[in-house]
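Peer 1: As a plain string of letters, each chain reads:
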Amino acid sequence: MVPIAAYLILAAILFCIGIAAFLIKRNVISIFMSIELMLNAVNLTFVAFAHMWHQVSGQIFVFFVMVVAAAEAAVGLAIIIALFRSRQTLNVDQVNLMKN
Amino acid sequence: MSTNLVTLLPELVLTITGVIVMLAEPLIAPGRSRKPLGWVAIFGTLVAAIMINGQRQFTNIHGAVQGFYGTLQVDTFSVFFHFLIAAIVIVTLLGSLDYFEGPTTHAGEYFALICFGATGMMLMTSSVELLMVFIGLEISSISTYILAGFRKGQATASESSLKYFLLGSFATAFFLYGIALCFGATGSTSIAAIAQGFATTQMPLMAWLALAMVIIGLGFKVSAAPFHVWTPDVYQGAPAPVVGLMSTAPKAAAFAVLLRFLFNAAPMFRDHWITLIQILAVLSMCLGNLGALRQRDVKRMLAYSSIAHAGYILVAYAAFPQEAVAAVCFYTASYAAMNVGAFLVITQLTGFNESARTLDDYTGMALRRPVLSALLGLFLLSQIGIPFTGGFFGKFYVFTAAIHSGYTTLAIIGLANSGIACFYYLRLLAALYTRPVTEPPTEAAPAQAFSPAIGVALAATAIATLMLGIFPNQVLHLAQRATPINMPPAAMVSVPPAP
Numbered sequence: 006m007v008p009i010a011a012y013l014i015l016a017a018i019l020f021c022i023g024i025a026a027f028l029i030k031r032n033v034i035s036i037f038m039s040i041e042l043m044l045n046a047v048n049l050t051f052v053a054f055a056h057m058w059h060q061v062s063g064q065i066f067v068f069f070v071m072v073v074a075a076a077e078a079a080v081g082l083a084i085i086i087a088l089f090r091s092r093q094t095l096n097v098d099q100v101n102l103m104k105n
Numbered sequence: 041m042s043t044n045l046v047t048l049l050p051e052l053v054l055t056i057t058g059v060i061v062m063l064a065e066p067l068i069a070p071g072r073s074r075k076p077l078g079w080v081a082i083f084g085t086l087v088a089a090i091m092i093n094g095q096r097q098f099t100n101i102h103g104a105v106q107g108f109y110g111t112l113q114v115d116t117f118s119v120f121f122h123f124l125i126a127a128i129v130i131v132t133l134l135g136s137l138d139y140f141e142g143p144t145t146h147a148g149e150y151f152a153l154i155c156f157g158a159t160g161m162m163l164m165t166s167s168v169e170l171l172m173v174f175i176g177l178e179i180s181s182i183s184t185y186i187l188a189g190f191r192k193g194q195a196t197a198s199e200s201s202l203k204y205f206l207l208g209s210f211a212t213a214f215f216l217y218g219i220a221l222c223f224g225a226t227g228s229t230s231i232a233a234i235a236q237g238f239a240t241t242q243m244p245l246m247a248w249l250a251l252a253m254v255i256i257g258l259g260f261k262v263s264a265a266p267f268h269v270w271t272p273d274v275y276q277g278a279p280a281p282v283v284g285l286m287s288t289a290p291k292a293a294a295f296a297v298l299l300r301f302l303f304n305a306a307p308m309f310r311d312h313w314i315t316l317i318q319i320l321a322v323l324s325m326c327l328g329n330l331g332a333l334r335q336r337d338v339k340r341m342l343a344y345s346s347i348a349h350a351g352y353i354l355v356a357y358a359a360f361p362q363e364a365v366a367a368v369c370f371y372t373a374s375y376a377a378m379n380v381g382a383f384l385v386i387t388q389l390t391g392f393n394e395s396a397r398t399l400d401d402y403t404g405m406a407l408r409r410p411v412l413s414a415l416l417g418l419f420l421l422s423q424i425g426i427p428f429t430g431g432f433f434g435k436f437y438v439f440t441a442a443i444h445s446g447y448t449t450l451a452i453i454g455l456a457n458s459g460i461a462c463f464y465y466l467r468l469l470a471a472l473y474t475r476p477v478t479e480p481p482t483e484a485a486p487a488q489a490f491s492p493a494i495g496v497a498l499a500a501t502a503i504a505t506l507m508l509g510i511f512p513n514q515v516l517h518l519a520q521r522a523t524p525i526n527m528p529p530a531a532m533v534s535v536p537p538a539p
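Quick note, the sequences are listed as chains A and B, same order.
Here the first sequence is numbered in the working numbering, starting from 6 and rising by one per residue.
Here the second sequence is numbered in the working numbering, starting from 41 and rising by one per residue.
These aren't lab readings, by the way, just hints derived from the structure by calculation.
We treat Cβ as the ideally placed atom computed from N, Cα and C, and that holds for glycine.
A couple of the hints might just be wrong.
[Stated by the list, open to error] Which chain A residues face chain B? A few, computed with CB under 8 Å, are given here:
| id | residue |
| --- | --- |
| 1 | V47 |
| 2 | Q60 |
| 3 | S62 |
[What the hints assert, rightly or not] Stretch-level coverage of chain A by chain B, calculated; a stretch enters the list once three of its residues show a Cβ under 8 Å from a Cβ in chain B:
| id | stretch |
| --- | --- |
| 4 | 15-28 |
| 5 | 64-71 |
With the rest of the complex left out, here is chain A (with noise of 0.2 Å):
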C-alpha cells in the first residue's frame, strides 16, 4: 500500500514544475498547459486527502475544480486565438506592446 504521503509529495512535485514551467515557457500555450498541471496537482492532493479523512468532499471538490477549469480553457484558448488574430504570434516575450 502506497502511502499517503508519497501521493502529497508527488502533488507537490508537479505543482513546482507546474510553476517552474509557467516561469520559464514562452509558449502560450505551454504556459496554460502549466497551469492546468498546477490545476491537477491540486486534485491529487485533495483526493489524497479525502482518502486520508474518510471524507468525500474533498473527492466533490476535485470535480468542481475540473469543471471550472473546463471553463476557463475554453475563456482562454478563445483569448489565445483572439491575440494570435491580431499578432500573428504566440510568443509571450513578442506581447508587449505596454512597456513603456
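Position chain B relative to chain A; hints supplied.
Peer 2: Same frame as chain A, but now just chain B:
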C-alpha cells in the same frame, strides 16, 4: 427552503438578468443599438439591490442565516459588500451605456458578463465554505477576463486579456492549493469547521503553508505587491469602464474573503499571518507609489495607484480584531466611489478609441471639458486624501486603527506613502489646468455633451465621494456593524474521525 432562497436571492436575480440579456442579444438586428439591453441589466441590478435590502431587514430581525447546508451565510458583513458591489455595477452600467454605440455589434454580451461577474463577486462575499468561495471567485474572474479584452479590434486589448487570464489562473492554482492544504490539515472546507480544526491540528506546518498559499492567491486578485505585475498592463489595455469595475468590485470581494478567512478560520495563527500581511502592505504601498511616479500613461498611473490603495487596505488587517473590519469596509467603499468615478470620467474624456492617453494629451483638458476635468480633479483629490473627501476618512480610519493596535511604524510608512502619492496625483491635476504649449492634435475629437445616464452615474460617484468625506457616519455605522460572524458548522459537517 425559505432561508435557502433568502441567502441566494440577489445572485439569482442577477443570473436571470444576465441570461435574459444574453438570449435577447442575437434577436436584435446587427447595427441596431444595444442600449435597451443595458437598461434591462440596470433594472435587474436594481431589483437585486432591493433583494439585498430585503436581506438586510431579514438579518435585522433574525440575525445571520445560513442556507444550502451551511455554504452560504447572510449577515451584516455580506449585506454591506453586496450593497457595495451592486452600487459599483449600476454606476458602471450607466456609465458604459453609450460606450459601445457604433463600434461593436455585440455589446449585449458586455452587459450580460457584468451581471454574471457581479453574481460571482456577491457569492464570494456571502459564502462560508471554501468550495463556494472558489466557484464565486472563478465566476467573477472568467467574466472579467473576457471583459478586459472586449475591444477586440485594438491590439492592446487581447494582450491585456491574455495577461489577466494567465496570471489570474496562476493565482487561482495557488488559492486552490491553499484550500487543499486547509482540507488536509482540518478535514473540512467549511470556514467554521476549519477554525475548529486549526485550533487542534496535529499539522501546524501544513496549516501555515495553507494560510500562506491562500494569502498569495488572494494577493494576486487584489493586486498586492509583489503579486502586482499584471495590473499596469491589464488596466492600460482594458476598456476604461471595465477598469473602473475590475479595480473595485472584484477587489472588494477578495478583501471580504480575506477578512472572513483570516478572522474566522485562522484567528489562532494571527501572529503568523499578520507578519505576511504587513510585508504585503508595505511592499504594495511603496512599489505602487514609486511605480506611479514614473508613469506618463494616465491609466497606467492609476493602475499603480490602485496597487498602493490595496496596500493601505492591507494595513487595516493588522488592526485585527478591534477596528480592522470597519476600516477595511469603509476604505473599500470610499476607494470604490473615487476610482469608479475617475475611470468614468476617463471613459467620457477619451471615448472608445482612447483619444487621450498620456499626461501630454490631458494637458489643458479643463479648457475643453471643464465639468469632466473638475470631476476628475475631485476624484484625484480624494485619492490623495484631502479632507472633506471619502479618501481622507478612509485613510484616517485605516491608520488610526493600525496605531490603536500598536502598529505605529506601519502607519508612519503609510502616511509617508500618502505624501509621495500627492506628487503624481497633483502632476495630473496640474496638467489638466495648464494651457497647452501647442494646440493639441486630438482637436478632432468632438466635445459632445454627455447623456443623462452618464450624468447620473458621474453625479452619484461624486456625491458618494463627498458624502463619505463630510457625513461618513452613516456608512461608518454600517461598516462597524458589518462583522463576519462565525456560526458553528451546520449539522451535516460532523467531526471527522482521526486518520
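Peer 1: Hints first: check each against the structure and report whether it holds.
Peer 2: Okay, the hints, checked on the actual structure:
no. : hint  : in the structure
1   : V47   : holds (4 Å)
2   : Q60   : holds (6 Å)
3   : S62   : holds (6 Å)
4   : 15-28 : holds (count 3)
5   : 64-71 : holds (count 4)
Of the numbered hints given earlier, the model fails none.
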